[in-house]
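Model the full assembly from the supplied sequences, consistent with the hints where possible.
Same order as they appear, the protein sequences are chains A and B.
Mapping of the first sequence onto this note's numbering: position 28 corresponds to residue 20, and the numbering continues sequentially without gaps.
Every position in the second sequence, counted from 1, becomes a number in this note's numbering once 1 is added.
Possibly wrong hints are sitting among the right ones.
[Unchecked claim] To give an idea of the chain A side of the interface with chain B (calculated C-beta under 10 angstroms), a few residues:
hint, residue
1, Phe(-4)
2, Gly0
3, Ala2
4, Asp19
5, Val78
6, Trp80
If you are wondering where the hints come from, they were derived from the structure by calculation, not from laboratory data.
The C-beta atom is built at its ideal place from N, Cα and C for all residues, glycine as well.
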Amino acid sequence: MTTFTVNGSAHRHDGDPEMPLLWYLRDLAGLTGTKYGCGAGLCGTCTVLVDGQAARACLLPVGQLGGRAITTIEGLSADGMHPVQVAWRELNVAQCGYCQAGQIMQAAALLAKTPRPSDADIDAAMSGNLCRCGTYPRIRAAILRAAEGAKS
Amino acid sequence: MNAHLANDIANEIANLSLSRRGFLRGLAAGSFVLATGIGPARAQEAKEAKKYAGEAMSGGLRDDPRIFLTIEDDGTVSLLCHRAEMGQGVRTSWAMVVADELEAELARVVVAQAPGDEARYGNQNTDGSRSMRHHFQALRRIGAAARRMLEEEAAARWNVPVAQVRGERHEVVHAASGRRLGFGALARGAAQRPVPAADALVFKTPAQFRYIGRDGIGLVDNLDITTGKAVYGADARIEGMAYAVVARPPVYGGKLKRYDASRAVRVPGVLQVVVIDPTPIPSAFQPLGGVAVIAENTYAAIKGRSLLDIEWDDGPNAGYDSARYRETLEAAAGQPGKVVRNNGDADAAMARAARRVDATYYIPHLAQAPMEPPTATARVTAELCEVWCSVQAPEAIRSDLSKRFKLPLDKVVVHPLLLGGGFGRKSKPDFASEAAILSRAMNGRPVKLMFTREDDLQNGFLHTVSVERLQAGLDAQGRAQAWLHRTVAPTIQSIFMPGAKQEGAFELAMGAVDMPFAIPDVRVENPAAEAHTRLGWFRSVSNIPHAFAVQSFAAELAAAAGRDPRDYLLELLGPDRVIDPASMSDAWLYGEDPKRYAYDTARLRGVIERVAQEAGWGRSLPPGHGLGIAAHRSFVTYAAVVVEVAVGARGKLTIPRVDIALDCGAVINPDRVRAQLEGAVIQGISLATVGEISFKAGRVEQSNFHNYPVTRIGAAPKQIHTHLVTPTGFDAPLGGVGEPGLPPVAPALANAIFAATGKRIRRLPIGDQLA
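Quick look at the structure:
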């Protein structure tokens, strides 16, 4: 049995400890905001925060999460007003939007650690997150916008 | 092949023999009464008149506001969007148009998604950059008719002539008396009024538009997308559902020989292992067959599948090998093929040319790889089949499943959810059929069927592979006098027609036969090519290889002539003229009327000049940098691109800047047009630099994003500048937007690399060719 929290709520998993967090969230907990893209840590679509650090939910066995605090897109803010979420809306970043939960979680982790990121910081932090629609220019702009918003 | 599928394909392929259903609906736009009142002779005459655009599509166009609009007592306007949202912004753009003509406040409009039902909503096949192009005027009619009904209701209540009232910002106003009533208060009465005839509607002038053409309007789905509440096809949660993945034949046309599921069924959570029968090839949009593992969760299903022991009979395509196939295509390109366009005498002109240039280009298979792989959830009982999924063509699912389960069409219900990308992959309903087959096998328990990324790449509907051979004869001044293009590529038609080996009219007219250069002697040939895998539409389709070859070759000719590539491209284009499609043997024009949409070379020149100016063509560049230019018309829209590259030590390629100019006619939602162009630039760079699906022993060699890479943020241009050519008005026919930006990107990139390094790229992807 493994106990941990998701978005502040207590969760308990009695099943296969090897089950990746992604499928626990989506299939068992009904939190479908975290998406599947590759199942191999190659695309970042499933990015969540584990104790505040960005992590790929498709690679994290639930059995290893005892005592951890998981944050998903549903729990990033109570009202959708995290500066990254606001900036994403202001700049109409999304096209299909499917990868954006992962992008937003990764960007939130970046800004928590590096409040005023350079272009190189953004490249480094966001390079694991694929977008097939090609929203990268707006992702970059929105991160910079969020950094300004948080600063002021 | 069932009737709907045939109709759908007919529209894609556009060898339209008009169905009676399409004919009636086409005439009926706005008036069923008229259609029934037609006499036999007139009906015959009308039947013979060719239909184009939305009216030629299966299901036709509908513009009855009662179908698409409801207004609540509190004034909330609900718009039913019957086209698929896959990132092009259709839900937002449609709300803008309807709200504008309705005089509704956009903030008080909610957008709901219509179920699949073409008899009710008209055509729903979201493909071919068609949604706004076909529906703009119909959406205006919907909004204007509903406004008129609200105005009539208010005028009746006030007992004043309707001419004295007008809809204004969610109210109807009687200026003379200062009376006003909100849309909510008028809605019930207005709904009882007859729908005004289309010719009685009064539309806004462009100066009166509040949303149409306005930049920076927020997406209707923004809040849901940024908070994780948006529901994509993969996110459907149906009470009691099980989860499934399928092991499919690794070779197209392969069959299950033997399998052992004894280890798979011991995985905790695995419920059942089900064999899906293969569809004989060519298998159209039907399932490939294989072995499904159904479980209580996705993890158990995937783990169970990994423990299946399967032996396949690979069938006739077991020898498909991309390296050898490339040689086959090149050999075919060295021999004469079926002549698909012929002007003058290209051989004679070539023979007398002062100089001949000859180049062969190779463009590999590509996978659409939407970030959300195909996923569908189905619940199938003896009486009812329901499907929830991300799909570009819901009616194709209904029609397939109705036939498969012998259910009437109204007992097959398709709920389209948001698409996590489509790019052509989700116009094929195979995955919905698989989900339905498995639900039936589970006695009606709902089943969510998911393609893993490996399945998506290895069992997809790939973009074709092609060799394009170009030859030109130049005169002593370097001017092109003769043009010979041999395009060799397996055709998408091969998934429907056994033995199809020639490109269809719809493929040839994507940049091969509709080559616009003012060259006197032109021949385009299409040597045969046999398909060995399952092909399908990929964003921009055959425009990708054709534009890459033609626009790379234009720059090669400029180099041969010692001329500036932009100047030479404009000279090739020649004097401004509207080209008669017949003179290009262009039998297909994206389903559009050739009279309305004939090739206007001035518009291509316009985007070339605009993009060159904006990009600073001719400016001095740092060492190792180069500019390349390319232009292409597709989906009846004109696009031109300038790419700036920097090639560093050991051939390291970076792309600091891309400029793209588009003339798609009037621009309805500028922010989404720009977004589509930004995306097209990046997807174009992705396929040009790293995109390749290859085969060995009949099997796809790539399995996931480590060996089928797509461009990441660091490799994307830091600057993408989009330039929308100023519209001349909103009555001119619209062009497509989703696809036309992509084709010129790869050749502009290759041309920039040539400018920077002198190295000519003739094979995609570029990969390590610069090292």
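Against the structure, the hints:
1. Interface hint status for Phe(-4) of chain A: violated, as the beta-carbon distance to the closest one in chain B is roughly 17 angstroms, over 10 angstroms.
2. At a threshold of 10 angstroms, the smallest CB-CB gap from Gly0 of chain A to chain B is about 15 angstroms, leaving the interface hint violated.
3. A hinted interface residue such as Ala2 of chain A counts as satisfied when its beta carbon comes closer than 10 angstroms to some beta carbon of chain B; here the least separation is about 20 angstroms, so the hint is violated.
4. A least Cβ separation of about 4 angstroms between Asp19 of chain A and chain B falls short of the 10 angstroms threshold, and the interface hint therefore holds.
5. Satisfaction of the interface hint for Val78 of chain A is found here, the shortest Cβ-Cβ separation to chain B being roughly 8 angstroms, below the 10 angstroms cut-off.
6. Against a cut-off of 10 angstroms between C-beta atoms, the interface hint on Trp80 of chain A holds, since the closest Cβ of chain B lies about 5 angstroms away.
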